[in-house]
Amino acid sequence: MTIASSTLAVILAMSAATLMTRFGGLLLARFVTRGRTKRMLEAIPPAVLTAVVTPTALATGMAETVACAATVVAARRLSLLPSVLIGIVCVATLRAAGL
Amino acid sequence: MQYRNTIRRDHFAGARAILPLVVAVIPVGAVFGAVAVGTGLSIAEAVLMSALVFAGGSQFVAMDIWTHPASWSGIGFAALLVNLRHLLMGASIAGKMQQFGPLQRLAAMPFLADELWAMSEIRARSEMGLSPAWYVGMVLPFYAAWVASTLAGAMIGNVLGDPAVIGLDFAFPAVFIVLVTGFWRGRRTGAVVAASALSALLVHQLADGVWYIVVGAGAGLACAAVGPDGEEGETA
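Those protein sequences? They're chains A and B, same order as listed.
Each step along the first sequence adds one to the number in the working numbering, with nothing skipped, and position 9 is 16.
Each step along the second sequence adds one to the number in the working numbering, with nothing skipped, and position 101 is 112.
Keep in mind that the hints were calculated from the coordinates and are not lab data.
Some clues are possibly wrong.
Label-pair restraints from in silico Cβ distances [unchecked claim]: (1) B:L114 <-> A:M27: 14 to 24 Å; (2) B:M139 <-> A:T44: 44 to 54 Å; (3) A:G42 <-> B:L151: 36 to 46 Å.
Quick caveat, the model's predicted, so the values are computed rather than measured.
From the three backbone atoms N, C-alpha and C, an ideal C-beta is built for every residue, glycine too.
Turn these sequences into a full structure, and let the hints guide you.
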């Protein structure tokens, strides 16, 4: 149960980097009020989420791609939790089937 | 009294909203703990990292590129790159924190992990709005679960097996997909999503690491920037 100084340095560097990105958002928001910057601000959630999820959806395997499509279809009618459950069941079933 | 009841109700509402994601994050935290100990970190180091960094993606990347002794500059820069998206998430949610005082806003920011940010965006769109009490009620169980499951995973090691077998690893991509559909505002969003997806996929195939997140998000924003003016009120 020890903490090596080199590891502590890494943890603190990671923590500082993460805090910079999280506090930085507050600063960024100050420059954004209207027009083009406001349009860009509104595009942030879909743009970031899409970028994060795309490799899982399209470059991991057939099971993930199909499950992502199923989740999209489910989300058009159902709320968050049932849609996510459908996605999970779908991916687990397809993986068990060897896809 | 009325005021206190409102705060309590919001605490509970926040905790209830995050509960499914708390359940989903426990195996992820346990796997992180097990992987960290397998990489050569002590139990205390693994837990400290989860407590101080609180950003799962960058923690797994750190384990991936860990060396002995570890390079604080290399891994620190990787964490910066992986977490650059939080800059955008923070800017987006900051404009929806009207119920927060300046200090409350500052105190909220370090806890803006992906899942907590996403749930906050949903709450901010509801008629109740995003309140500090709701935010605290949501953050506490999720943060506690992340740190505690790291400890459990580090202690018992990799006896849990692979969460991928029961599809639990798919919980977070699925949440993100549902959220994208929730942010849909017609063709303009379609263009943003298409630009982001295409460039993220391209960069993911061509480059190692997490550049695909940076480039994909940037392409989506660029697409929004060059889009036609107007419809301002409609998208607000």
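Status of each hint after checking the structure:
Distance hint for L114 (chain B) and M27 (chain A): a CB-CB separation of about 19 Å, consistent with the stated range 14 to 24 Å. Our hint of 44 to 54 Å for M139 (chain B) and T44 (chain A) is violated, since their Cβ atoms are close to 27 Å apart. Distance hint for G42 (chain A) and L151 (chain B): a CB-CB separation of about 38 Å, consistent with the stated range 36 to 46 Å.
Violated hint: 2 only; the structure is consistent with all others.
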